[in-house]
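K.L.:
Sequence:
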Amino acid sequence: MLTSCFCGFQADGCMNVLVEKYDTTLKQTMVELGASTKLARTRLGVIERLRAESKKVSEKTLEEKEILKVKFEDLEAKLVADRAAKRELEKAKVVLEKENARLRAERNAAVEKLAEERKRLRDSRSLEVTRERVRVQSAMTEKFGRCIGRVRDYLARRVESEKEQNLSGQASGTRKCLEMIRNEGLGITQELIDVFIEQERVHNAAVAKLAVGDLPEEDLVLSPLVLPNPFLNEEFIAALDPYGSNDGLVGSETASLLRESSDIPEGGSTGQSSEVPATVTPLGNASDLNLEGEVAEKNDGVEIEVPTMEREELEPTAERSASDVIPNEVPKDAAADGAQDPSVSGEALT
Numbered sequence: 001m002l003t004s005c006f007c008g009f010q011a012d013g014c015m016n017v018l019v020e021k022y023d024t025t026l027k028q029t030m031v032e033l034g035a036s037t038k039l040a041r042t043r044l045g046v047i048e049r050l051r052a053e054s055k056k057v058s059e060k061t062l063e064e065k066e067i068l069k070v071k072f073e074d075l076e077a078k079l080v081a082d083r084a085a086k087r088e089l090e091k092a093k094v095v096l097e098k099e100n101a102r103l104r105a106e107r108n109a110a111v112e113k114l115a116e117e118r119k120r121l122r123d124s125r126s127l128e129v130t131r132e133r134v135r136v137q138s139a140m141t142e143k144f145g146r147c148i149g150r151v152r153d154y155l156a157r158r159v160e161s162e163k164e165q166n167l168s169g170q171a172s173g174t175r176k177c178l179e180m181i182r183n184e185g186l187g188i189t190q191e192l193i194d195v196f197i198e199q200e201r202v203h204n205a206a207v208a209k210l211a212v213g214d215l216p217e218e219d220l221v222l223s224p225l226v227l228p229n230p231f232l233n234e235e236f237i238a239a240l241d242p243y244g245s246n247d248g249l250v251g252s253e254t255a256s257l258l259r260e261s262s263d264i265p266e267g268g269s270t271g272q273s274s275e276v277p278a279t280v281t282p283l284g285n286a287s288d289l290n291l292e293g294e295v296a297e298k299n300d301g302v303e304i305e306v307p308t309m310e311r312e313e314l315e316p317t318a319e320r321s322a323s324d325v326i327p328n329e330v331p332k333d334a335a336a337d338g339a340q341d342p343s344v345s346g347e348a349l350t
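So for the sequence shown, my numbering puts the first residue at 1; every next one is plus one.
Keep in mind that the hints were calculated from the coordinates and are not lab data.
Heads up, some of the hints might be wrong.
Below, computed lysine-lysine pairings styled on DSS-like, alpha-carbon distance capped at 25 Å [to be verified]:
#1 Lys-113 x Lys-98
#2 Lys-71 x Lys-60
#3 Lys-55 x Lys-71
#4 Lys-176 x Lys-163
#5 Lys-38 x Lys-27
#6 Lys-69 x Lys-55
#7 Lys-78 x Lys-56
#8 Lys-86 x Lys-98
#9 Lys-91 x Lys-71
#10 Lys-78 x Lys-98
Quick list of the computed label-pair ranges, beta carbon to beta carbon [said to hold, decoys possible]:
#11 Glu-191 x Ala-156: 34 to 44 Å
#12 Ala-205 x Glu-128: 52 to 62 Å
#13 Arg-102 x Glu-66: 14 to 24 Å
#14 Lys-119 x Ala-84: 24 to 34 Å
#15 Lys-27 x Arg-51: 47 to 57 Å
#16 Glu-20 x Ser-58: 49 to 59 Å
#17 Glu-48 x Arg-83: 46 to 56 Å
#18 Glu-184 x Ile-148: 45 to 55 Å
Treat the numbers as computed from the prediction; the structure is a model and nothing was measured.
The beta carbon of each residue, even a glycine, is placed where N, CA and C say it ideally should be.
Produce the complete structure using the sequences and hints provided.
P.N.:
Below is the structure:
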């Protein structure tokens, strides 16, 4: 019985120990379960928060994706437009290159044509200058030839007159000598004296017929050669006042066409290019070639601009034209003719 009671007590003790262990384990389990629930709640809160954040990020990503999609579509449209514009620009470039080539060809043709025209005008101007030079030289030669012809005719008539005067003097002296001899009583007949009287009358008549006076002043002075000049505008030249002011008459551009001079003769032609001194007779076109500034020559009604380079080419030609004729040599020839003529009169006197 005791044994059974002891066994019962042992069984109760074991049961109590088991219950105590169970209770302890239960408490521990409850504590652990509470901690797990709290952890689960915490984890659930974190998960919810992460889900919310993920949802926000996803929504934001979708919005950005939509924005990027719109931008991409816009950029794609711009790219298509740029490609189309590029193709148009390439076509326009090809057209412009063709137009540029055509314009270059036209420019080269125009430059070549202008160069040919310039050469033609230069040759024409040179020809005009040469013709003007020959014309002026011919006129100068003709004028000086007439002057020298008059001087030679005067010298020839003077020599003949002096010869007749000498013969008349010889006849008069012989007559007077014969009259003196006859007055002395020598046999001198009147017929012999009449012969010398007749000779004296004949020679005096010849002297009166020659009528040699003084050499005219105009034959001793080289007057300016007045010729019409096709290179000057005579309307402006005629309006100039050689002894007064010409301010305001013409503009500065037109004034470069004119050469003012204060030595214009009263009866001279207004078409003369410049005044010529009395001792020098240059070619009439020499001063015309002295172009100053941008001079417009009138060639058959067309105004031609003379470049500076061509003007420099023409000026030496004008200097050579003026130096070809040396008027100072002409009076030497006349003086030589005059020096030879007195020798003739000396021979006549002897």
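K.L.:
Each hint should be assessed against the structure and marked as holding or not.
P.N.:
Do the hints match the structure? See the list:
Between Lys-113 and Lys-98 the alpha-carbon distance is near 22 Å, which keeps this suggested pair within the 25 Å criterion. For the given pair, Lys-71 sits about 16 Å from Lys-60 by alpha-carbon distance, which is consistent with the 25 Å threshold. For the suggested pair Lys-55 and Lys-71, the alpha carbons sit about 24 Å apart, so the restraint of at most 25 Å is met. Pair hint Lys-176 plus Lys-163 holds up; C-alpha atoms about 20 Å apart against a cutoff of 25 Å.
Note on Lys-38 and Lys-27: the hinted pairing holds, with a Cα-Cα distance of about 16 Å set against a maximum of 25 Å. Taking the CA atoms of Lys-69 and Lys-55, the gap is about 20 Å. The hint holds against a cut of 25 Å. As the CA atoms of Lys-78 and Lys-56 are separated by approximately 32 Å, the hinted pair breaks the 25 Å bound. For the hint linking Lys-86 to Lys-98, the alpha-carbon distance of about 18 Å falls within 25 Å, and the restraint holds.
As the CA atoms of Lys-91 and Lys-71 are separated by approximately 30 Å, the hinted pair breaks the 25 Å bound. Between Lys-78 and Lys-98, the direct Cα distance comes to roughly 30 Å. Violation of the 25 Å bound is thereby established for this hinted pair. Hint check: Glu-191 to Ala-156, Cβ distance near 35 Å, so the stated range 34 to 44 Å holds. Remark: the range hint 52 to 62 Å for Ala-205 to Glu-128 is upheld by a beta-carbon distance near 57 Å.
Between Arg-102 and Glu-66 the CB atoms are about 53 Å apart, so this pair departs from the stated range of 14 to 24 Å. Look at Lys-119 against Ala-84: about 52 Å separates their beta carbons, and that is not inside 24 to 34 Å. Lys-27 and Arg-51 have their C-beta atoms about 35 Å apart, which leaves the hinted 47 to 57 Å range violated. Between Glu-20 and Ser-58 the CB atoms are about 54 Å apart, so this pair conforms to the stated range of 49 to 59 Å.
As the Cβ distance of Glu-48 to Arg-83 is approximately 51 Å, the hint placing it in 46 to 56 Å holds. Remark: the range hint 45 to 55 Å for Glu-184 to Ile-148 is upheld by a beta-carbon distance near 53 Å.
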